[in-house]
Amino acid sequence: MLSFARNKIVGVEHPEENVFLAHGVLEDYIYALELDVEVKVPNFEITGIQGKYRRYTTPECPKAIVKLQNAVGLRILEGEFGRKVRRVVGKEGCTHFANLLIECCDGIIQAAIYGEWQALKEKGIAPAKEEYLKGKLQDIAGLKDSCMVYSRWGK
Amino acid sequence: MVRIYTRNKYATTTDLEDGSLLLRATLEDTFFAGVVEMEVKVPDLEIASIRGEIRRAVNEECQKAIPLLQDLVGLRIGSGTNKTVNDLIGSSTGCPKLADLVLECVDQVILRFTLPWLKGSQSQSEQGQIENLREMVRQNPRLVGSCIAFSKGSRLLEGLELGK
Amino acid sequence: MIIDLHVHTKSLSADSVLDAEDAIKEAKRIGLDGICFTEHNKVWDVEEIRCLKRKWGFLVINGIEVDTIEGHVLVFGLHRDFEKVIRVGKLREMVNQAGGAMIAAHPFKGFRAFGFSELSLSPEQAARRPIFQSVDALEGFSGKTIEKESLLAQEVARILGMNMTGGSDSHSLEEIGKCVTIFEGNIKDEAGLIEELKRGKFRASYFRK
Numbered sequence: 001m002l003s004f005a006r007n008k009i010v011g012v013e014h015p016e017e018n019v020f021l022a023h024g025v026l027e028d029y030i031y032a033l034e035l036d037v038e039v040k041v042p043n044f045e046i047t048g049i050q051g052k053y054r055r056y057t058t059p060e061c062p063k064a065i066v067k068l069q070n071a072v073g074l075r076i077l078e079g080e081f082g083r084k085v086r087r088v089v090g091k092e093g094c095t096h097f098a099n100l101l102i103e104c105c106d107g108i109i110q111a112a113i114y115g116e117w118q119a120l121k122e123k124g125i126a127p128a129k130e131e132y133l134k135g136k137l138q139d140i141a142g143l144k145d146s147c148m149v150y151s152r153w154g155k
Numbered sequence: 001m002v003r004i005y006t007r008n009k010y011a012t013t014t015d016l017e018d019g020s021l022l023l024r025a026t027l028e029d030t031f032f033a034g035v036v037e038m039e040v041k042v043p044d045l046e047i048a049s050i051r052g053e054i055r056r057a058v059n060e061e062c063q064k065a066i067p068l069l070q071d072l073v074g075l076r077i078g079s080g081t082n083k084t085v086n087d088l089i090g091s092s093t094g095c096p097k098l099a100d101l102v103l104e105c106v107d108q109v110i111l112r113f114t115l116p117w118l119k120g121s122q123s124q125s126e127q128g129q130i131e132n133l134r135e136m137v138r139q140n141p142r143l144v145g146s147c148i149a150f151s152k153g154s155r156l157l158e159g160l161e162l163g164k
Numbered sequence: 001m002i003i004d005l006h007v008h009t010k011s012l013s014a015d016s017v018l019d020a021e022d023a024i025k026e027a028k029r030i031g032l033d034g035i036c037f038t039e040h041n042k043v044w045d046v047e048e049i050r051c052l053k054r055k056w057g058f059l060v061i062n063g064i065e066v067d068t069i070e071g072h073v074l075v076f077g078l079h080r081d082f083e084k085v086i087r088v089g090k091l092r093e094m095v096n097q098a099g100g101a102m103i104a105a106h107p108f109k110g111f112r113a114f115g116f117s118e119l120s121l122s123p124e125q126a127a128r129r130p131i132f133q134s135v136d137a138l139e140g141f142s143g144k145t146i147e148k149e150s151l152l153a154q155e156v157a158r159i160l161g162m163n164m165t166g167g168s169d170s171h172s173l174e175e176i177g178k179c180v181t182i183f184e185g186n187i188k189d190e191a192g193l194i195e196e197l198k199r200g201k202f203r204a205s206y207f208r209k
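Here the protein sequences come in this chain order: G, Z and X.
Note that this note's numbering gives residue 13 to position 13 of the first sequence, counting from 1, and the numbers run on in steps of one.
Note that this note's numbering gives residue 4 to position 4 of the second sequence, counting from 1, and the numbers run on in steps of one.
Note that this note's numbering gives residue 192 to position 192 of the third sequence, counting from 1, and the numbers run on in steps of one.
By construction, these hints were calculated from the structure, which means they are not laboratory data.
Careful, some of the hints might be misleading.
[What the hints assert, rightly or not] Quick list of in silico lysine-lysine cross-link-like pairs, DSBU-like style, CA-CA up to 30 Å:
| hint | chain 1 | residue 1 | chain 2 | residue 2 |
| --- | --- | --- | --- | --- |
| 1 | Z | K83 | X | K84 |
| 2 | G | K63 | Z | K152 |
| 3 | X | K148 | Z | K152 |
With these hints in hand, go ahead and build the complete structure from the sequences.
Right under this line is the structure:
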């Protein structure tokens, strides 16, 4: 029998050329929350955010909703993004909203990096995957040393 | 509007008969599918064993990160775990997605032991629940400042005397 | 001599807001005899520490807090940075070669919402942790542990017959001197500190109220 479980779901849309929208849900044995985040390129800056609780632990928790707005203006590709979110949304508000926000923003990054190749592939005009991804290393700062594969390609 | 990307992340904890915990974290998204499973000894919270699988990834080379998981055997979940996991598994010589799954397992341990405090107050009145939470803070003063519920101005901290 | 063996400054520890010179001034003000800068995985330049010591006429010692798989360790006598987490056994080899000393830092620092006592970790079980085989002392009084965590560390030290140190683990001014180590001998520099740590003639205590 499970003694604890947590489920997180994120969906990302790309309604306009320069806009990504992420919708995230976190459900576990203690908490249930939802988040909507808007990020605009080319800066990958958070331009809008909304959230709600379905289940929380203390009567003070709802005060954290307004603290979500501390994330507006943060740039999700900057090196210290996770730390900033944990401070201005987490410590000042709710650590679980901070957790879900990081999840949503990572989803947007994945969509931005790989989604374009997917779209080109569907049109039949995609370059080879490796060639496409090596190109992305030039476009997106911080990608270069982010993992073993990109570190090797970046040399 | 059509979704261009989807992510589903699921993490679970099972209490084993010998008292240790079996943790599993799974990620399935548009581009990646992987799982990490570990056994953690209680009460020391030491990682006794760990295994992982990358079932789908953008690059075949990503599989090379799997053996790195064994560097975590013997790690005690506690202060500095996030940094240790990211350093050993998630850095430029590893795979941040694998590190993330390990950290989901670590979060599971922490949440699993936080749950009893909260379950205990469920059947109480609002005042009873508040008192239960205040007692939780008295016993664990590190909660102070950790989020808005346990910060200056919160009802939960009003007039609360904390130990050392 | 009363020394805070565990202090982080913003010069080399990203999570600290403490200015090094402010730390020294505060240590002097509250009546300490010395302070150790034990930054996260980075060491000060030896000459910079000497300059601070001369400028303030106060004992300032260079140390480092190293992340190991088995836990955090304060190290004196090893002047190098650490890029990655290592095994405590490997660290012990390096420190032995350098003739230094190692202290297990806040060994039972718990979590926000629960501690190891809630998990029923007995002192006997806790004493079996491998880290204690590799260090010269353990931090029985830490500014960042709650009372029951400190009591567990102190009990483990008693079971193992290990010496205990005290350090504030301060990252801000008001935390300096919360816990200290009181040495019987006179310490003038890092070499002197290492000698006294190995001699074992010291005790740990809370200091700043």
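Each hint, compared with the structure:
1. Between K83 (chain Z) and K84 (chain X), the direct Cα distance comes to roughly 9 Å. Compliance with the 30 Å bound is thereby established for this hinted pair.
2. This hinted pair checks out: K63 (chain G) and K152 (chain Z) have alpha carbons roughly 13 Å apart, not beyond 30 Å.
3. The straight-line distance between the Cα atoms of K148 (chain X) and K152 (chain Z) is roughly 24 Å, inside the 30 Å bound, and the hint therefore holds.
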